[in-house]
Amino acid sequence: MITIKNLSRVFRTEEVETMALSEISLTINQGDFVSIMGPSGSGKSTLLNIVGLLDSASSGSYQLLNQEMIGLKEKEKSKARKENIGFIFQNFNLIDELSVYDNIELPLIYNKVPSSDRKKRVEAIADKLGISHRLKHYPQQLSGGQQQRVAVARALINDPKIILADEPTGNLDSKNGNEVMELLTDLHANGATILMVTHSDYDASFSQKTILMKDGAVISEKTNQRNVDVFKV
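In case it helps, this note's numbering puts the sequence shown at residues 851 to 1083.
Treat the hints with caution; some may be incorrect.
Said to hold, decoys possible - Straight-line C-alpha distance at most 30 Å; calculated DSBU-like pairs for lysine-lysine:
1. Lys-978 / Lys-1011
2. Lys-1059 / Lys-1011
3. Lys-932 / Lys-1059
4. Lys-1064 / Lys-1011
5. Lys-925 / Lys-969
6. Lys-1072 / Lys-1025
7. Lys-932 / Lys-855
8. Lys-927 / Lys-1059
9. Lys-969 / Lys-927
10. Lys-986 / Lys-1025
11. Lys-970 / Lys-929
12. Lys-1011 / Lys-986
Calculated directly from the structure, the hints in this document are not laboratory data.
With the sequences and hints as input, model every part of the structure.
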């Protein structure tokens, strides 16, 4: 699914050179649920942005579905992103002027999916995530947990190969945050591949494996017992 080898990212200004990522190597297989933890400035979000094709590495290799992503032109990266990646953000990134239905539908419009198919797919994913009764509402009329469910629906609407979640519970209370983590766990149990950045040990415990980063490098990896126990049942 994802193979990263000796990946580095350097940010340069006229006076300063900052090594955000240093020789990162990791593999994420289809169906994995992996969390990334580390202090602020450790490189977590930079790595997620490169995997999501929102940023480019300075050196190294990043293969997605056996295709090299480093060096792709912007148009090629945009195509790969639309076809393969779903994003879930801490701040939801919903468009306030659009209804829940329209927010979920938007990626399908970008991918030029016919109107009749869009309606079926939006209604199906809304039903799956328990937000069918909210389709005519607007983001500001929803609770934080409901807004994140809309964001998850939007991320899933194009059947992405991998879901990238950046602090998905960061703006939620514990109850809504737990619901979102249970939702991600259900998606994983049904075959989704998930890479999640988090500051929360509790959220990370839902993943199969946690990668710990510091100063732009991977310093350890561990298997999480909660997820192992769930799949033993």
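Output the numbers, in ascending order, of every earlier hint that fails for this structure. none
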